[in-house]
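Chemist: Protein chains in written order, with my numbering: chain X, 2 to 151; chain Z, 1142 to 1252; chain F, 13 to 193.
Hints should not be assumed to be uniformly reliable.
[Claimed, not checked] The calculated lysine-lysine pairs, modelled on PhoX-like cross-linking and capped at a C-alpha distance of 20 Å, are: (1) F:Lys-140 with Z:Lys-1240; (2) X:Lys-7 with X:Lys-67; (3) Z:Lys-1161 with F:Lys-34; (4) F:Lys-34 with Z:Lys-1240.
[Stated by the list, open to error] Cβ-to-Cβ under 7 Å is the rule here; a few derived chain F residues that face chain Z: (5) Leu-36; (6) Leu-37; (7) Ile-56; (8) Pro-60; (9) Thr-65; (10) Leu-67; (11) Ile-103; (12) Thr-107; (13) Phe-110; (14) Met-127; (15) Ala-130; (16) Glu-162; (17) Ile-171; (18) Val-173; (19) Ala-175.
To be clear, the hints were calculated from the coordinates, so they are not data collected in a lab.
We put the beta carbon where it would ideally sit given N, CA and C, even for glycine.
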Amino acid sequence: MIKEHKGMTLIVKTITRLTVGLILLYGIYIVLHGHLTPGGGFAGGVIIALSFIHLMLAFGREVALKKVSRPIAGLFESIGAVMFLAIAIFGFVGGYFFLNFFVDKGTPFNLFSSGIIPLCNIAISLKVGAGLFAIFTALVLLKVKSKGEK
Amino acid sequence: MVYFLCFIIFSIGLYCILVKRNLIKIIIGLIIIEYSVNLVFILFGYRFAGRAPILAAGQTIKNMVDPLPQALVLTAIVIGLATTALLIAIAMRIYDRYKTFDITEIRRLKG
Amino acid sequence: MIGLYLILLFMIAASYIAVQIKDLLSSVVAVGAAGLALSVAFLILKAPDLAITQLAVEIVCLVILIKATVKRDTVSTKDMRGFITTIVSLIFIGTFLFFAYLALKELPKFGEPLMRVAQNYIQTGQAKTGASNLVSSVILDFRAYDTLGEATVLFTAVIGVLAVLRRIGRKKKDEVIKEND
């Protein structure tokens, strides 16, 4: 107890250890089923970012930054942006920007269907989640620094 | 009548922006205005006894609500979160420099 | 429909409390209550995608606002501007509400939308894209340019936050700066 003085109390840490994986899984589920059920890239990305924010609030910033540091978050955001643009530009093989270039759309109400929409969902969720995590990390680091100055 | 209640929420946020002197209160007014605008867009697309715009297997649905305003508002919500974070970052920088949130004090201490 | 009116009245009360209360932390919590009520209103209006997104976004926004206000001066002594500013603002808001009331007659009636473009989306959406969630097919296939612009705005906002909150400021002449994030 004396060694782990960072973060919140023991009760919060135990509950966090149990729930943070479930929150991450729920976010991934919402992203992957975005074309069949309510949800999609935006909501799933925010929920994925929320799981890391939960970890950071409960255990202190070192534990969360050890899992995903800020350069890695920037890398994920860039991967999302490049993936989205690449999907858009691949539409030129059939004629125009953002063409749904799969000829076979698959059977409806199936997980692997509807062409480029699941890929776009994954790209947007990477972008939104990494961006929000980077914003929150910057805010937390600023607070620590201004307290050190006083 | 429903639209007029949304306009009342909008005017509460506008009053907050115009009259208050605290920076955080001004950001809160902007957030309230964003809520009311999103709600008005969704109210335009509602239909009495309508159903959510999600197709189900094995049935055809005739009375669907309008999916177009929902798609526009879905992007607007996330943009609103990003701009709010940017405003809060600028406000925290101002607090670090001037040690206050009062906008008249900030104008006085320029330089 | 009585539930929708109750939710709207609750939102008006929560926003009024958020504007008028003295303590900043209580004001932030009142804004959070208004946002959660908005999420329930989306659910009543048959928009489940927006309800999920608004719920998650509201939690993140609340956490960021609390981070910004806690451990700073939460109670400011003089919260209002001068008397003349208040009167002019109230006159302006009254004028706005009057013209908004006049404009209400031009809007489509509540409950009977104009669905000219959307009728096309509903009828041909599944055959063209294969997705059963029509909102998803609109934002990622029919109107993907909007989503591309939205991604650009988000990227710009993230870059702006990281630039404003940078650890090193402007570098002085004989100063060695070590950056260790």
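Chemist: Of all the hints given earlier, name the ones this structure violates by number, lowest first.
Modeler: 1, 6, 7, 10, 11, 12, 13, 17, 19
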